[in-house]
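Student: Sequence:
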Amino acid sequence: MFRPTRRAAFFDLTHPQCPATEDAALRDALAGHRAEGDLVVLVVDAHRRLPQRLPAGGTLLRLPPSAARDVDKCTVVVETMARLCIDPASCFGYGDLCAGTGLLSVVGNPRVIACGADGGRLAQERGWPVVVPSFAA
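For the sequence shown, the working numbering begins at 407 and goes up steadily by one.
None of these hints come from the bench; they were simulated from the model.
For every residue, glycine included, the Cβ atom is placed at its ideal position computed from N, Cα and C.
Among the clues, some could well be false.
[Claimed, not checked] If you anchor each label on the Cβ, the simulated ranges turn out as follows:
| id | residue 1 | residue 2 | range |
| --- | --- | --- | --- |
| 1 | SER540 | ARG489 | 30 to 36 Å |
| 2 | ARG440 | ASP524 | 29 to 35 Å |
| 3 | ARG489 | LEU528 | 16 to 22 Å |
Using the sequences plus the hints, can you model the full thing?
Tutor: Dropping the structure here:
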C-alpha cells in the first residue's frame, strides 16, 4: 500500500565529474525538498565518495558493486520506493543525462541537471524540465 502524501526526491550522484553549476543546481533542489519535508535519497556508486561540494544529509542509497548499468540503478530505485511504500508518482528524480536516464524514467517528476546541449535536447524531447542553479536563472 502506497502512502500518497509522502514524497521523496532521489538525487543521482553517480556521474563522476560534475561542473560547479550542476552542483549548485543540486544544492538548490536539495534545499527545496528539505524545506518541504520530503525524504531526500542520495544515490551513489559503491566505489565512489559523495561529491564534496554537496551537503550531506538524507538517506544514502549506495548501489551495489554489481550495479554497472543504468537498468541496475533503475531497479534499485524502484525497489527502494516499494520498500518505503512511496508512490512513484509522488517522487522526484534529479539526474544528469550523461549518467543515464534510468532514475529519471521511474519517478513521476523527473528533473534534468543539464550536461550540455545533447542533454537539454533529450530533456525537451521527453518533456522533462531542466534544472538550473538559482544564480543562473
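Student: Of all the hints given earlier, name the ones this structure violates by number, lowest first.
Tutor: 3
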